[in-house]
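Dock chains B, C and D against the given chain A, drawing on the hints supplied.
Listed below are the residues making up each chain.
Number of protein chains: 4
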Amino acid sequence: MAAIPYRTALVVGVGPGISASVARALAAQGLKVGLAARNIDKLSTLAGEIGAERFAVDATDPAAVAHLFEAADARIGEPDVVLYNPSARAPGSVAEIDPEAVRKAVEISAFGAFLVVQQAARRMIPRAKGAILLTGASASIKGYPLSAAFAMGKFALRGLAQSTARELGPKGIHVAHFIIDGGVRSEARGRLDPPNRPDSTLDPDDIAQTYIEVLRQPRSAWSLEVEMRPWVETF
Amino acid sequence: MAAIPYRTALVVGVGPGISASVARALAAQGLKVGLAARNIDKLSTLAGEIGAERFAVDATDPAAVAHLFEAADARIGEPDVVLYNPSARAPGSVAEIDPEAVRKAVEISAFGAFLVVQQAARRMIPRAKGAILLTGASASIKGYPLSAAFAMGKFALRGLAQSTARELGPKGIHVAHFIIDGGVRSEARGRLDPPNRPDSTLDPDDIAQTYIEVLRQPRSAWSLEVEMRPWVETF
Amino acid sequence: MAAIPYRTALVVGVGPGISASVARALAAQGLKVGLAARNIDKLSTLAGEIGAERFAVDATDPAAVAHLFEAADARIGEPDVVLYNPSARAPGSVAEIDPEAVRKAVEISAFGAFLVVQQAARRMIPRAKGAILLTGASASIKGYPLSAAFAMGKFALRGLAQSTARELGPKGIHVAHFIIDGGVRSEARGRLDPPNRPDSTLDPDDIAQTYIEVLRQPRSAWSLEVEMRPWVETF
Amino acid sequence: MAAIPYRTALVVGVGPGISASVARALAAQGLKVGLAARNIDKLSTLAGEIGAERFAVDATDPAAVAHLFEAADARIGEPDVVLYNPSARAPGSVAEIDPEAVRKAVEISAFGAFLVVQQAARRMIPRAKGAILLTGASASIKGYPLSAAFAMGKFALRGLAQSTARELGPKGIHVAHFIIDGGVRSEARGRLDPPNRPDSTLDPDDIAQTYIEVLRQPRSAWSLEVEMRPWVETF
Chain A
262 MAAIPYRTAL VVGVGPGISA SVARALAAQG LKVGLAARNI DKLSTLAGEI GAERFAVDAT
322 DPAAVAHLFE AADARIGEPD VVLYNPSARA PGSVAEIDPE AVRKAVEISA FGAFLVVQQA
382 ARRMIPRAKG AILLTGASAS IKGYPLSAAF AMGKFALRGL AQSTARELGP KGIHVAHFII
442 DGGVRSEARG RLDPPNRPDS TLDPDDIAQT YIEVLRQPRS AWSLEVEMRP WVETF
Chain B
262 MAAIPYRTAL VVGVGPGISA SVARALAAQG LKVGLAARNI DKLSTLAGEI GAERFAVDAT
322 DPAAVAHLFE AADARIGEPD VVLYNPSARA PGSVAEIDPE AVRKAVEISA FGAFLVVQQA
382 ARRMIPRAKG AILLTGASAS IKGYPLSAAF AMGKFALRGL AQSTARELGP KGIHVAHFII
442 DGGVRSEARG RLDPPNRPDS TLDPDDIAQT YIEVLRQPRS AWSLEVEMRP WVETF
Chain C
262 MAAIPYRTAL VVGVGPGISA SVARALAAQG LKVGLAARNI DKLSTLAGEI GAERFAVDAT
322 DPAAVAHLFE AADARIGEPD VVLYNPSARA PGSVAEIDPE AVRKAVEISA FGAFLVVQQA
382 ARRMIPRAKG AILLTGASAS IKGYPLSAAF AMGKFALRGL AQSTARELGP KGIHVAHFII
442 DGGVRSEARG RLDPPNRPDS TLDPDDIAQT YIEVLRQPRS AWSLEVEMRP WVETF
Chain D
262 MAAIPYRTAL VVGVGPGISA SVARALAAQG LKVGLAARNI DKLSTLAGEI GAERFAVDAT
322 DPAAVAHLFE AADARIGEPD VVLYNPSARA PGSVAEIDPE AVRKAVEISA FGAFLVVQQA
382 ARRMIPRAKG AILLTGASAS IKGYPLSAAF AMGKFALRGL AQSTARELGP KGIHVAHFII
442 DGGVRSEARG RLDPPNRPDS TLDPDDIAQT YIEVLRQPRS AWSLEVEMRP WVETF
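Residue numbers (this note's numbering), protein chains in the order written: chain A, 262 to 496; chain B, 262 to 496; chain C, 262 to 496; chain D, 262 to 496.
A few of these clues could be false.
[Stated by the list, open to error] Footprint (simulated), chain A over chain D, 3 or more residues, beta carbon under 8 angstroms:
| # | stretch |
| --- | --- |
| 1 | 425-438 |
| 2 | 453-466 |
| 3 | 472-478 |
Hints were generated in silico from the structure; no laboratory data involved. For clarity, every value in this text was computed on a predicted model and none was experimentally measured. For every residue, glycine included, the Cβ atom is placed at its ideal position computed from N, Cα and C.
Looking at chain A on its own, in the form it has when it is part of the complex (with noise of 0.2 angstroms):
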């Protein structure tokens, strides 16, 4: 099996899920990892865990992310590989729900997202190498009743991927898009497979595997859009 061919990563939304997954993963891959969230205490576990850097960074603020690349840089080096994984849903009726929530939502799942390829595609085009990873859900493909805001920036993201696949491919860039179809395991959240129903939730360890076989796919035969479910999923 190949190794993966990327030294540094830098995994912006580090919550305890997907991102702590696929962050523990880039580590034993042997990557130098930085861990950038808005609230930075709680990465502490996990970046002592597999000796990543933290990055303190509001992911919806030009600013904040040119900053946040910048001392990416410095402490981790140009980073090959970028995961942008934030989201938010903003539930409710769309007569009810609060607009400036709504803003922010959008800003959160796609804005910040948009940030953070900029800052990843300036880094990477000059070496003509690096990926882009992007996490979708099932909001990505289908706009749910109550959850406007959460389809309008998970469609976003996509549009996103897409258009910067299109233009970075050819630059020698791996942008790829995650589709996450169904609820992840978080015992922090008490989502867990019912007794009956084993591996009936994303194992999020389950999902950083795939996360990084994209990243070992050879450039004749890359993946976009990749989308995974529990084997019992009635989707």
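Using the frame of chain A, we list chains B, C and D on its own:
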């Protein structure tokens, strides 16, 4: 041919193209029409022609959109039909486009649509009647290179359309999303058919015809999404 | 409202549902209509009602379809509008369904459509005019469990529609594919609206209305695909 | 890296491209491999190289496919992994292509796949284990002009994949559909990278790598559909 079952319409984002043609077609069907745009000076000729009211609005400002609907309620009556048409492109390499232009483009293409849909829904839900029309583009379903912001906005608009169609349909409100898959004919922009390719651009009056027919659909057979393109298009 | 720019129509696969309603609507627009089915005895009432000619055909037999069009040419004139409606389901577990039933189902849903499209194209290309209408279903875009044969046939029909729309559009022929996303109301099959859910099944006359409007679309703004579903549908 | 949790594989439709590469990759993972094709003479070199058994089959003949699996059961053991790869194109104008060539093309691309999936499912359901891999193409999701038969077959295959994934997933069987979105490199066919565009064709070994990784996915996070294309592709 049954008449359109609506009496008032509010068209948001009126330029010389699709929305002007839809406004004319709605007026021709006997509806009282309101025209809303950032700059209402440009609307005077059209307004005069079809007897429409004009409203100034910044569609990305929640208070301004709320005020628009209050003014429309007073001057044309609560709108039965609402069309949202604005979009913005911010073209360029993802590495170079100005972040604030991207933020603004997404707000114009999608967040403003949310604000308008919200105000429309608040009025239509109690009456269990109404139609909301949203104008998409080729970029609604394919993210083109060097066009990340436009893809983000138009994808997000489609997510909004799907989510709200599923929420509002069972409340009696018809949400329809139109994918205009090609260049719209425009004298103002010099986009005209080449002499040897008649009808190779979308005539906005032809587009408007289909918008009107969607309004006429009985509720047992509503369309959520309708795409249109010129006969010669190699899409 | 402009008249439909066609004078003759051939409706293949006439049962009591969509195709009968479209045939009636076409006749009401002044078109001379031919009705084709395996068993023409069932067509006598409808044919009498709308002054249509009847044709017996096995739509999966190339020679029979060729003969159908020759007979139609002679009795109603070369058809300007051709609708293909037949489908077959062969439901059951993929492990258990009879292979010959699957083969036949795909032939009825898709291969027969190809045969009809081919004969239509041969007549329409020289005149650079005509419309071909193909009836899809929810299964055209989502493969449901225990319904492999229906998914295969309806997916194949959509592939046929896309390929031929792209080939024939620039030759002046409008190919349109309709996704009927829900149960069609049918007294014969006992599929009626529950009393507390009016219009929760698709009324075939309502479906036909949209078929007719697609025929009326000017060529600068043709739809290839139009989906319809009841207002209450949670799709 | 976990081993692939399967021991035997049957590869149907072996030419010099994708299926040969997948067969080699499966053998390299320690699986016992069977190779099936219409003409097994062409398989002798590959079979010798990877220690595979050869089986002659007409994949569109139900009895022949049933017999293939019986022979495979006896000679390599019930297959845990089954790959279906054959397709046929029958290119040309829809007005001119030979109907029997179209019928046969759809049978090769899709009906044969059904027959193989059926036999695989009968063996895998009782053991609640197995993987079925289906090879799609650009034409699986877009019907190109002058290519109706290929679109019909590949769309149908995708419908089969979706339907059976939803039926068989909860029974422990992983159905995966691969969209190969570009030209596959082939010395035999003279399809090679232009000197100035390295890796602009899909290397079948690179494709095979992703097939193998999909087999390794834990069941909490299975992919149904994975697309691949060269980095330089403007898709």
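Evaluated hints:
Evaluation of the coverage hint for the stretch 425-438 of chain D: fulfilled, as 5 residues show C-beta separations to chain A shorter than 8 angstroms, against a requirement of three. Requiring three or more residues with a Cβ within less than 8 angstroms of a Cβ of chain A, the coverage given for the stretch 453-466 of chain D holds, as 5 such residues are present. Check on the stretch 472-478 of chain D: 3 of its residues sit with their Cβ under 8 angstroms from a Cβ of chain A, so the three-residue criterion for coverage holds.
The structure shown violates none of the earlier numbered hints.
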